[in-house]
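> Sequence:
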Amino acid sequence: MNSTDALWDEKSPTKSIQVDTAISINSGDPILQHSSSIQGVKGKWSLTIITLSLALGTFLVALDTMIIGIAVPSITSEFKSLDKIAWYGSAYLLTTTALQPSFGKLYTQYNAKTIYLCCVVLFEVGSIVCAAAKSANVFILGRALAGCGAAGLFQGALNIITATVPLAKRPLYLSAVISVFGISICVGPIIGGAFTQNVSWRWCFWINLPIGFVTFVLIMIFLKIENKRTPMTLKARIMQLDPLGALMLLASVVCLLLALQWGGQAHPWNSATIVGLLVGFGVLFILFGFIQWTMGEDATVPLRVLKQRSILSASAFLFFIAMSNYVYGYYIPIYFQSIKGSSATKSGLEFMALALPQIVFVILSGAVVTNWGYYVPYMIVGSVICAIGSGLLTTIDTTSPTIKWAAFMVVTGIGTGVCVNLPYTAVQVVLHEADVPTGNAIAQFSFQLGASISLSIGQSLFLNKLTSEVAQSTPLSPAAVVAAGAYDLPGLAGSAESLRLLRNAYSDSVKDTLIYALASVCIAVVCTLGMEHRNVKKAAKEREEASACSDSEEEKEKTADGSRNYAESTQSCC
1 MNSTDALWDE KSPTKSIQVD TAISINSGDP ILQHSSSIQG VKGKWSLTII TLSLALGTFL
61 VALDTMIIGI AVPSITSEFK SLDKIAWYGS AYLLTTTALQ PSFGKLYTQY NAKTIYLCCV
121 VLFEVGSIVC AAAKSANVFI LGRALAGCGA AGLFQGALNI ITATVPLAKR PLYLSAVISV
181 FGISICVGPI IGGAFTQNVS WRWCFWINLP IGFVTFVLIM IFLKIENKRT PMTLKARIMQ
241 LDPLGALMLL ASVVCLLLAL QWGGQAHPWN SATIVGLLVG FGVLFILFGF IQWTMGEDAT
301 VPLRVLKQRS ILSASAFLFF IAMSNYVYGY YIPIYFQSIK GSSATKSGLE FMALALPQIV
361 FVILSGAVVT NWGYYVPYMI VGSVICAIGS GLLTTIDTTS PTIKWAAFMV VTGIGTGVCV
421 NLPYTAVQVV LHEADVPTGN AIAQFSFQLG ASISLSIGQS LFLNKLTSEV AQSTPLSPAA
481 VVAAGAYDLP GLAGSAESLR LLRNAYSDSV KDTLIYALAS VCIAVVCTLG MEHRNVKKAA
541 KEREEASACS DSEEEKEKTA DGSRNYAEST QSCC
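Just so you know, the sequence shown maps onto residues 1 to 574 in the numbering used here.
These are computed hints drawn from the structure, not numbers from a lab.
What you are looking at is a predicted structure, and each value in this text was computed from that prediction instead of being measured.
Each hint should be verified, as a subset may be incorrect.
Label pairs and their calculated CB-CB ranges [to be verified]:
1. 464 - 198: 33 to 43 Å
2. 374 - 488: 45 to 55 Å
3. 402 - 298: 49 to 59 Å
For every residue, glycine included, the Cβ atom is placed at its ideal position computed from N, Cα and C.
Using the sequences and the accompanying hints, generate a full structural model.
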């Protein structure tokens with residue numbers, strides 16, 4: 001049995017799926033099957049509009065992740081809450097992360113259009129809570145609500161593209177949607193800086209309302225979903241969503257993030273609280289794994305899919321590359337604003353040195369892979385370039401000239417752009433179509449988990465170093481520095497010499513987070529070695545041939561059945 005047969009054999013879980021979802025274009029076009037091409041002007045235009053709509057929804061997810069980085073100094077100053085800086089990002093990423101597998105199940109079993117639109121509404125509600133928050137705790141609650149909606153938006157985009165675009169063309173369409181993350185990295189800091197400096201940081205969240213409205217309307221009009229649902233009891237449908245497994249996963253991730261955030265700050269690492277949280281994480285995660293093993297093919301994360309070599313390697317790669325990405329997004333703006341003295345808007349423009357190359361090379365890598373077919377070489381080359389740029393970034397300090405940090409950021413952005421979207425292509429190639437939603441969920445869960453953990457680890461490294469350096473080398477109180485936030489250092493320092501010492505302390509603290517980012521990228525490079533060297537174009541051709549062969553055999557069986565029925569009827573007549 002060859003590799004293609006192995007992907008399409010009788011062990012596929014297709015027969016266990018309870019909902020058959022067909023996705024079509026609401027303009028009179030026929031249903032677009034996986035193996036079909038997009039025919040006709042109406043089909044092309046409708047697919048383009050749907051893709052743009054999905055890109056807008058993904059832009060909401062990405063913008064809400066990146067825009068806050070520029071606003072964090074102002075938010076911490078208003079709420080006097082530098083000690084909660086990690087929760088501003090982690091609360092959003094926590095719910096986005098933990099709910100990824102559950103949304104993979106939801107999109108398989110229920111009406112994808114309804115779920116997607118509900119996610120848009122939930123995201124908008126969370127944005128309103130953030131924009132109107134009067135305290136840090138309410139703001140964090142809004143971030144968590146928005147994260148719940150965000151988990152379903154990106155998951156839905158991946159699954160709808162899988163259902164509407166032929167495999168050979170998916171790398172380009174996936175790159176078009178995933179590149180929106182690069183666009184958000186590019187424009188997010190600028191928008192965030194402009195709002196923060198000229199209006200209020202709250203407009204970083206009010207802006208989500210019109211974008212979400214446009215996304216909602218376009219999906220409502222142009223995306224048509226036809227469901228053929230197998231009758232089931234409400235209890236059976238709830239159990240298929242694996243609520244116990246989802247609860248165990250959410251609780252385990254919460255324990256892990258709390259331990260990483262509190263360790264060394266609110267509590268010593270060897271305290272009963274931190275040890276208890278780490279033990280709780282281990283026990284709950286083991287319980288989650290046990291539940292998945294006992295549920296077999298009905299599990300949220302079937303072990304058969306997770307153990308697939310490329311899925312495991314791609315997920316590990318995304319986990320570590322996300323760590324570096326989010327460290328850059330949150331702590332490089334702190335470098336510009338606190339150390340270089342840049343305004344919020346200027347720091348957004350300065351961050352484009354990393355963001356712009358990333359978006360350009362995300363799209364280029366998708367186009368090249370669509371034409372050539374091989375994607376693993378670009379994952380290797382891109383991650384190596386990213387590692388080189390990350391290493392160079394660890395050398396910047398308070399005296400670094402613009403040409404130095406800008407060049408290092410460009411190298412890092414190019415490397416990240418080349419490789420960051422290709423693991424999602426691997427999911428499309430190595431898995432049976434019925435398993436792709438699960439594979440997407442595992443991949444995105446890994447990316448979001450890496451991002452969540454990175455912010456907690458980054459905050460721990462940053463604050464530990466900052467408090468130590470402030471206590472040792474400045475006349476200022478570490479508690480006062482932490483409570484004041486990272487924006488108005490001149491006002492906090494009081495004198496030129498104190499300001500110089502304080503900026504040196506911030507520089508050393510940021511450098512520790514950048515070293516951590518470098519280590520993460522280096523591990524990501526190692527993860528690429530576990531990838532199978534597959535070709536998208538060849539895989540698509542093999543699947544088309546397998547599908548044609550299957551159709552031919554079915555036609556022969558129908559012909560044989562018809563001949564037998566004719567012979568039997570003739571004998572009966574005689």
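> Hint by hint, work out which the structure violates, then give me just those numbers in ascending order.
none
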